[in-house]
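Peer 1: Each chain, written out:
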Amino acid sequence: MLRPYTRRLLLLLPTTTYRTAAFVEAARRLGVELTVASERPSTFEGAQPAAFLTLDFAAPERAAEQAAEFARRHPVAGVVGVDDDTAVVAAAIAGRLELTGNPVAAALAARDKHMQRVELARHGAPVPRFELHGLGEDVTDFAARLRYPCVLKPLRLAASRGVIRADDPAGFAAAFQRVGRILAQPDVVGCGDWTSRVLVEDFIPGPEVALEGLVVAGRLHVLALFDKPDPLDGPFFEESIYTTPSRLPQRAQAALGACARDAVVALGIREGPVHAELRWNESGPWLIELAARSIGGRCSAALRFGAGETSLEEIIIRHALGMPLPSLERERQASGVMMIPVPTTGVLRELRGVAAARTVPLIEDVVITAHPGQMLLPWPEGWRYPGFIFARGETPEVVEVALRTAHRRLEFIIE
Amino acid sequence: MDAPEIRITAEPIDGSRCKFMVSQPLHAAGVRRFASPAEAQDSPLAAAIFAIPGAEIGEVIVSGNLVTVVKRGATPWTAVGKSVGQAIRAALASGAPPLAPKAEAPVATADDDTLYERVAQLFDEQVNPMVARHGGRVELIDVQDAVVMLRMMGGCQGCGMADVTLRQGIEAMLQQHVPAVKGIVDITDHTAGTNPYFAAAKK
Numbered sequence: 000m001l002r003p004y005t006r007r008l009l010l011l012l013p014t015t016t017y018r019t020a021a022f023v024e025a026a027r028r029l030g031v032e033l034t035v036a037s038e039r040p041s042t043f044e045g046a047q048p049a050a051f052l053t054l055d056f057a058a059p060e061r062a063a064e065q066a067a068e069f070a071r072r073h074p075v076a077g078v079v080g081v082d083d084d085t086a087v088v089a090a091a092i093a094g095r096l097e098l099t100g101n102p103v104a105a106a107l108a109a110r111d112k113h114m115q116r117v118e119l120a121r122h123g124a125p126v127p128r129f130e131l132h133g134l135g136e137d138v139t140d141f142a143a144r145l146r147y148p149c150v151l152k153p154l155r156l157a158a159s160r161g162v163i164r165a166d167d168p169a170g171f172a173a174a175f176q177r178v179g180r181i182l183a184q185p186d187v188v189g190c191g192d193w194t195s196r197v198l199v200e201d202f203i204p205g206p207e208v209a210l211e212g213l214v215v216a217g218r219l220h221v222l223a224l225f226d227k228p229d230p231l232d233g234p235f236f237e238e239s240i241y242t243t244p245s246r247l248p249q250r251a252q253a254a255l256g257a258c259a260r261d262a263v264v265a266l267g268i269r270e271g272p273v274h275a276e277l278r279w280n281e282s283g284p285w286l287i288e289l290a291a292r293s294i295g296g297r298c299s300a301a302l303r304f305g306a307g308e309t310s311l312e313e314i315i316i317r318h319a320l321g322m323p324l325p326s327l328e329r330e331r332q333a334s335g336v337m338m339i340p341v342p343t344t345g346v347l348r349e350l351r352g353v354a355a356a357r358t359v360p361l362i363e364d365v366v367i368t369a370h371p372g373q374m375l376l377p378w379p380e381g382w383r384y385p386g387f388i389f390a391r392g393e394t395p396e397v398v399e400v401a402l403r404t405a406h407r408r409l410e411f412i413i414e
Numbered sequence: 000m001d002a003p004e005i006r007i008t009a010e011p012i013d014g015s016r017c018k019f020m021v022s023q024p025l026h027a028a029g030v031r032r033f034a035s036p037a038e039a040q041d042s043p044l045a046a047a048i049f050a051i052p053g054a055e056i057g058e059v060i061v062s063g064n065l066v067t068v069v070k071r072g073a074t075p076w077t078a079v080g081k082s083v084g085q086a087i088r089a090a091l092a093s094g095a096p097p098l099a100p101k102a103e104a105p106v107a108t109a110d111d112d113t114l115y116e117r118v119a120q121l122f123d124e125q126v127n128p129m130v131a132r133h134g135g136r137v138e139l140i141d142v143q144d145a146v147v148m149l150r151m152m153g154g155c156q157g158c159g160m161a162d163v164t165l166r167q168g169i170e171a172m173l174q175q176h177v178p179a180v181k182g183i184v185d186i187t188d189h190t191a192g193t194n195p196y197f198a199a200a201k202k
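From first to last, the protein sequence lines are chains A and B. Numbering of the first sequence is given in numbering that gives the first Met the number 0, commencing with residue 0 and proceeding in unit increments. Numbering of the second sequence is given in numbering that gives the first Met the number 0, commencing with residue 0 and proceeding in unit increments.
These aren't lab readings, by the way, just hints derived from the structure by calculation. Be a bit skeptical, because a hint or two may be false.
Every beta carbon over 12 Å from chain A, so not counted as near; a handful from chain B, in silico [what the hints assert, rightly or not]: (1) D162; (2) E170; (3) G192.
Below are the DSBU-like pairs computed for lysine-lysine, each with C-alpha atoms no more than 35 Å apart in a straight line [stated by the list, open to error]: (4) B:K18 <-> B:K181; (5) B:K18 <-> A:K227; (6) B:K81 <-> B:K18; (7) B:K181 <-> B:K81; (8) B:K181 <-> A:K227.
This one's a predicted model, so the numbers in the text were calculated from it and none came from an experiment. Ideal placement from N, C-alpha and C gives every residue a C-beta, glycine not left out.
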């Protein structure tokens, strides 16, 4: 078994994250001593008190107190959050334990879509025109004066859950009610005041990209820029294919990177991974979202660095622990991931064709994360992809073709 | 009569480990683990996998219709996996038994047997009562050369936190209570889990 690195990493892993295997494997490869903190207790916590910790992710300051108490017994050298909520908790813990991390205010601004736009607009960043509405407001009062098309967004839900485009007042009223129903779902409704409000912003036309970066001492290093070749024009915004390197002109890529750098500064992000969604059109770059965390789902497997031996998670852990950083240069090959779309509502009975999909040239892996018997729910109500397809090749064009070919070989049996 | 078609499904666990499910049984009597080409020399299936050029195979574990391959090289499973599939097919097509009977090795077996007893006791008395609280169960498959092979079931099979349970929980307890154990290999087919305790969602 691997000899642990002498410094302890506190890894904040929500029990519903897809990121577990990638981070745990990265920590093992680096040989770091690892404590996994989750919002629900592990059944091993009593037997392995240094390896597990239960933290109140809903109350970051309380979680920081709990972490400080833990650190008195088991000194902690670094903390990493893996999603929007744990990024805030990680910031609070980093502040309390004087570890590498972000100010809590920055992590909060990155998590809340309205707060983020207020901050970005205040600093002159190119964000869509936006306004905030309460679910209790009379839609007819303001739907007529909105500019169309517009996009309705819950303030915090992940994976574009509840994000809907509206093209006219009637469509807006229907979308507003639909978002309200999503925010009333049992897993959402008790999560805080934000569930009673909806952000409404201009729809920004043009291709969308995802930028993956690492912020070190306030300076953003762009790790990868992903194109999203399927147009995200709505009415719903389920992600599908990401490919990198970007096929946009160099001028556009440079402007998008500069836009993200300005946004990092505007939000006060100082350290750690960021994941940004941007659009590009004749007006230039637009900042759609910027999160103080790394890319979601299993998508990080599309990224390798140096000669292909370093994962994104290893870079994040190294940075958090103050270990020397390896090359932040992405591997030479083009790479891509497809978040497998949910074909229809129903219970997954079987997924056929996985082996055939894996035989498609350039396909590296097909990872199925849905389990037989799982309820599949399409967007905008849904937020869980049934799996991920990965490909690598000489160019993003051939990678995209491979992903689409592999996807066509999958057959969902849904009842 | 034509030989039945051999179907093989590859299921990478991570960059270094991959499971291959074969449509016909390969080894009915427990688990065989091969940690070097020398150990595999009388077993055509394992020997063929070790012989894949450039793959740097470190370990081959065969149980039932499942082959778990561990590699040290950076070549992706896309490339290596196809060669492993060809090696398995070729070994089965030869008509010879894919694996040689397990050699009598009294000293090593005795050590592994002792370890097996201790690990089984740990699983029965401590590990399984813990994972049972989440509807899970961990089955000890075998111990070979001080490497524990296990399968996760129930709430653990396909659980989003299975890796944490495995590495932070089970492996740590083994290090503490049975320090002679050198490693663990999870041979679970996590994609077939129908009732995982924690299911993942994109964040």
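Peer 1: Give a verdict on every hint.
Peer 2: Hints and how they fare:
1. Separation of B:D162 from chain A is inadequate, the least Cβ-Cβ distance of about 5 Å not exceeding the 12 Å criterion.
2. Interface exclusion of B:E170 from chain A breaks down, the closest Cβ pair being 7 Å apart, not more than 12 Å.
3. For B:G192, the condition that its CB be more than 12 Å from all CB atoms of chain A is violated, with the nearest at approximately 5 Å.
4. This hinted pair checks out: B:K18 and B:K181 have alpha carbons roughly 20 Å apart, not beyond 35 Å.
5. Distance check on the hinted pair: B:K18 and A:K227 sit about 31 Å apart at the alpha-carbon level, within 35 Å; holds.
6. For the given pair, B:K81 sits about 12 Å from B:K18 by alpha-carbon distance, which is consistent with the 35 Å threshold.
7. Annotation: proposed proximity of B:K181 to B:K81 holds, straight-line Cα distance about 30 Å (limit 35 Å).
8. Between B:K181 and A:K227 the CA atoms are separated by roughly 44 Å; this puts the pair beyond 35 Å, and the hint is violated.
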